[in-house]
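Number of protein chains: 2
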Amino acid sequence: MSGSVGIVKTEQVIFDTELRLESGRVLGPIALAYETYGRLNAERSNAIMVCHAWTGNAHAAGRHSADERKPGWWDDMIGPGKVLDTDRFFVLCSNVIGSCCGSTGPASLNPRTGKPYNLAFPVLMVRDMVRAQKLLLDHLAIPSLLSVIGGSMGAMQALEWGIHYPQLVRSIIPIAGTGRTSPMSIALNAVARQAIFNDPMWKKGNYRAEHPPADGLALARAIGHISFLSDASMQLKFGRRFSMRDGLFDFFGQFEIERYLGYNGASFVERFDTNSFLYLAKALDLYDVAWNFEGLEDALAQLACPSLWFAFTSDWLYPPYQTEETVNALTQLGKQVEYHLIDSDYGHDSFLVEPEKFTPFVVEFLDRVAAGS
Amino acid sequence: MSGSVGIVKTEQVIFDTELRLESGRVLGPIALAYETYGRLNAERSNAIMVCHAWTGNAHAAGRHSADERKPGWWDDMIGPGKVLDTDRFFVLCSNVIGSCCGSTGPASLNPRTGKPYNLAFPVLMVRDMVRAQKLLLDHLAIPSLLSVIGGSMGAMQALEWGIHYPQLVRSIIPIAGTGRTSPMSIALNAVARQAIFNDPMWKKGNYRAEHPPADGLALARAIGHISFLSDASMQLKFGRRFSMRDGLFDFFGQFEIERYLGYNGASFVERFDTNSFLYLAKALDLYDVAWNFEGLEDALAQLACPSLWFAFTSDWLYPPYQTEETVNALTQLGKQVEYHLIDSDYGHDSFLVEPEKFTPFVVEFLDRVAAGS
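Protein chains in written order, with our numbering: chain E, -13 to 359; chain F, -13 to 359.
Just so you know, not all the hints are guaranteed correct.
Note that identical chains are pooled: a pair holds if it fits in a single copy or bridges any two copies.
[Stated by the list, open to error] Lysine to any residue pairs mimicking SDA-like chemistry, simulated, CA-CA at most 25 angstroms apart:
#: 1; residue 1: Lys223; residue 2: Asn278
#: 2; residue 1: Lys189; residue 2: Phe235
#: 3; residue 1: Lys190; residue 2: Phe238
#: 4; residue 1: Lys190; residue 2: Ser229
#: 5; residue 1: Lys190; residue 2: Ser253
#: 6; residue 1: Lys189; residue 2: Asp232
#: 7; residue 1: Lys321; residue 2: Pro292
#: 8; residue 1: Lys56; residue 2: Asp331
#: 9; residue 1: Lys(-5); residue 2: Glu310
#: 10; residue 1: Lys190; residue 2: Ala252
#: 11; residue 1: Lys56; residue 2: Ile16
#: 12; residue 1: Lys56; residue 2: Pro292
#: 13; residue 1: Lys190; residue 2: Thr(-4)
#: 14; residue 1: Lys189; residue 2: Gln240
#: 15; residue 1: Lys56; residue 2: Lys223
#: 16; residue 1: Lys223; residue 2: Glu310
#: 17; residue 1: Lys223; residue 2: Gln288
#: 18; residue 1: Lys(-5); residue 2: Asp274
#: 19; residue 1: Lys190; residue 2: Ala290
#: 20; residue 1: Lys120; residue 2: Phe238
#: 21; residue 1: Lys189; residue 2: Phe238
#: 22; residue 1: Lys223; residue 2: Gln318
#: 23; residue 1: Lys190; residue 2: Asp232
#: 24; residue 1: Lys190; residue 2: Gln240
Calculated directly from the structure, the hints in this document are not laboratory data.
Bound-form chain E, shown alone (with noise of 0.2 angstroms):
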């Protein structure tokens, strides 16, 4: 039986201290949001960090309150008797930096000027996030970590764990990720990006919180959000059904996926920061396991740990190959690696759509790890 870790409480940590970025330039202090669901263990061996996406947050499971209308967004996968068992492991989850969901992002207070960062704020790696993540480790004294996960943005951020600290991490399994993303998906990420800047409510970041820039943010996500879909999906879920309040001859007139792009945008302005989602898509852009190596063999080297992969079939934004590009490279270093390719329909966001399609071998895994120890 698998049940909810309950109510929860995102929790917000504050250090002052300065991070020194991949970019040179320094962040501090910084906040952290997390939460965590389950106990460490006496001997604090059965921590997992949970990494999340491009616009998730730190609120992976359970409900803030009892009316709360979802629980977080990884719910699926953590809880009593549930893949990540709270029962047995201590898990983790903190919103990245440059995010808006409690850790310091472009919308938290310049200490050097009392305002916003908006663009002042430093351009960001998925690296940085990580590094700001182990501050929270050494906080909660967390010596060791049985695993990190995490889908897309949240894959990126299980494999810099384990090549920057290949001392503390036990295993990673990243999922739905890339070793470094591809012309296409740092395309897609610059038509959203222009989608704001042609806002002229977005003043070059200066926008006041209460006047985002709505219709340039709602336009970026829906880009955003083809991208996560695939055309199996969009054949399953709309097919060419036309707005039944529309008329197939009214310019305006819409096709069901078209209003879902728009319903979904508009409520995504309601939960994010815009320049929050600029500077994580630059983050995303930026993303190469291999920057600052000699090349992506140096960087896999330094991976100590077993790892396991998965990609999903009709995931185009961080398509199967670019996965086994990876999973190749460690197999020819001699590393413990497992890979599955996951049979889906449903594009990138498979890992959340149909997690009982990989689960089972997550379970396994974390068993063979938390046994090693």
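Got chain E sorted already, so can you dock chain F onto it with the hints?
Then chain F, alone, in the frame of chain E:
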């Protein structure tokens, strides 16, 4: 040896008639811009209709003047000794209605008001474009077409010609087309459309020609452009190269792919009308060969001539399976069908970039059709 058709001129003819459209509305008078290459033979039996894609025009081959920078858009294909051999064939290409390159479209004067139609222009279907082309055929006293050939939206027109004028058309060659557009391609058009709607310069279509919604149209074009390319072609052409002029950690720093999309979008604004872009996008979204028939079989049963089809492996806008659906249905109906899946990395644009991969089949096919006459 193959050569150029030389200096050519776009002709324009105005039909003082009212065309009844699929929507039930009427459009007229109707101007059509067209070019012809080669000579009609004594039997008037050697005419080939070339149909252009979304943002194409009647200028398919040759040059308008000796110093025109680029020849017509399919100059690789059309000329003495070329695939569409103007020593043998009379080749004809006309700008579709709804466009802005000499044929009646939303920027044309509405005879009822004396002002541009703008959004008072009726929503069109591809079928309406073909119906207008038929006026041109009658005007030129061409009793039959040896073939109708085109890529993308041109493929849709070729299929419509075959189905709605079976007594006139002796063969069709649809390239990189689809029997009906998918929700994925509608979604891409939806965000392109929204990019224009978001531009305050658009003014619900009532912009002045000299002040178009340039930012919105450039972005819309960039979105479309992504869908014409492929992951592989972007890897080949751009990879992850960062603009030499920008710093990697500049907020506005660009990858080469971004710069290219921006440049391409901006130059598009100089040559295309925004409302035309929107009306033609709408026609693409509405495209379904089965429209107003009992179903796909009923529609395809009308086809009386041999057809030659091409799809491209890396085309994700109109993926091969979509052409194959139509081809399989035709085969089941016992029609004379020939289909080739062409291996190419250039995505939807393959039909423009690598014609040499499919043209040998076209030459052979046209020889057979011509011999059968």
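For each hint, the structure was consulted:
1. With identical chains, the CA atoms of Lys223 and Asn278 are at most 25 angstroms apart between copies only, with a shortest distance of 24 angstroms across copies and 43 angstroms within one.
2. For the homomeric pair Lys189 and Phe235, the shortest alpha-carbon distance between copies (21 angstroms) is at most 25 angstroms, but the shortest distance inside one copy (37 angstroms) is not.
3. For the identical chains of this complex, Lys190 and Phe238 are inter-copy neighbours only, at 11 angstroms across copies versus 30 angstroms inside a copy, given an alpha-carbon limit of 25 angstroms.
4. In this homomeric assembly, Lys190 and Ser229 come within 25 angstroms of each other (Cα to Cα) only across copies, at 21 angstroms, whereas the closest approach inside a single copy is 36 angstroms.
5. Proximity of Lys190 and Ser253 under a CA criterion of 25 angstroms is satisfied in both settings, with 23 angstroms inside one chain copy and 24 angstroms between copies.
6. Taking the closest pair of Cα atoms, Lys189 and Asp232 come within 25 angstroms of each other only across two copies (22 angstroms); inside a single copy the shortest separation is 35 angstroms, beyond that limit.
7. Taking the closest pair of Cα atoms, Lys321 and Pro292 come within 25 angstroms of each other only inside a single copy of the chain (7 angstroms); across copies the shortest separation is 57 angstroms, beyond that limit.
8. With identical chains, the CA atoms of Lys56 and Asp331 are at most 25 angstroms apart within one copy only, with a shortest distance of 24 angstroms there and 43 angstroms across copies.
9. For the identical chains of this complex, Lys(-5) and Glu310 are neighbours neither inside a copy (38 angstroms) nor across copies (53 angstroms), given an alpha-carbon limit of 25 angstroms.
10. In this homomeric assembly, Lys190 and Ala252 come within 25 angstroms of each other (Cα to Cα) both inside a single copy, at 21 angstroms, and across copies, at 20 angstroms.
11. For the identical chains of this complex, Lys56 and Ile16 are neighbours neither inside a copy (29 angstroms) nor across copies (56 angstroms), given an alpha-carbon limit of 25 angstroms.
12. In this homomeric assembly, Lys56 and Pro292 never come within 25 angstroms of each other (Cα to Cα): the closest approach is 34 angstroms inside a single copy and 56 angstroms across copies.
13. Taking the closest pair of Cα atoms, Lys190 and Thr(-4) never come within 25 angstroms of each other, the shortest separation being 31 angstroms inside a single copy and 45 angstroms across copies.
14. In this homomeric assembly, Lys189 and Gln240 come within 25 angstroms of each other (Cα to Cα) only across copies, at 20 angstroms, whereas the closest approach inside a single copy is 30 angstroms.
15. With identical chains, the CA atoms of Lys56 and Lys223 are at most 25 angstroms apart within one copy only, with a shortest distance of 21 angstroms there and 44 angstroms across copies.
16. For the identical chains of this complex, Lys223 and Glu310 are inter-copy neighbours only, at 22 angstroms across copies versus 29 angstroms inside a copy, given an alpha-carbon limit of 25 angstroms.
17. When the C-alpha separation of Lys223 and Gln288 is checked against a cutoff of 25 angstroms, the pair qualifies neither within a copy, at 43 angstroms, nor between copies, at 31 angstroms.
18. Taking CA atoms no more than 25 angstroms apart as the test, Lys(-5) paired with Asp274 passes in neither setting, with 34 angstroms inside one copy and 51 angstroms between copies.
19. Within a single copy, Lys190 and Ala290 get their C-alpha atoms no closer than 43 angstroms, and across copies no closer than 59 angstroms, so neither meets the 25 angstroms cut-off.
20. Taking the closest pair of Cα atoms, Lys120 and Phe238 never come within 25 angstroms of each other, the shortest separation being 50 angstroms inside a single copy and 29 angstroms across copies.
21. In this assembly of identical chains, Lys189 and Phe238 lie within 25 angstroms of each other by CA distance solely across copies; the values are 14 angstroms between and 28 angstroms within a copy.
22. Taking the shortest alpha-carbon separations for Lys223 and Gln318, neither the intra-copy value of 41 angstroms nor the inter-copy value of 28 angstroms comes in at or below 25 angstroms.
23. For a Cα distance limit of 25 angstroms, the shortest separation of Lys190 from Asp232 across copies, 18 angstroms, qualifies, whereas the shortest one inside one copy, 36 angstroms, does not.
24. Taking identical chains as interchangeable, the C-alpha atoms of Lys190 and Gln240 lie at most 25 angstroms apart only when they sit on different chains, with a minimum of 16 angstroms there against 32 angstroms within one chain.
Checked against the numbered hints given earlier, the structure breaks hints 9, 11, 12, 13, 17, 18, 19, 20, 22 and satisfies all the rest.
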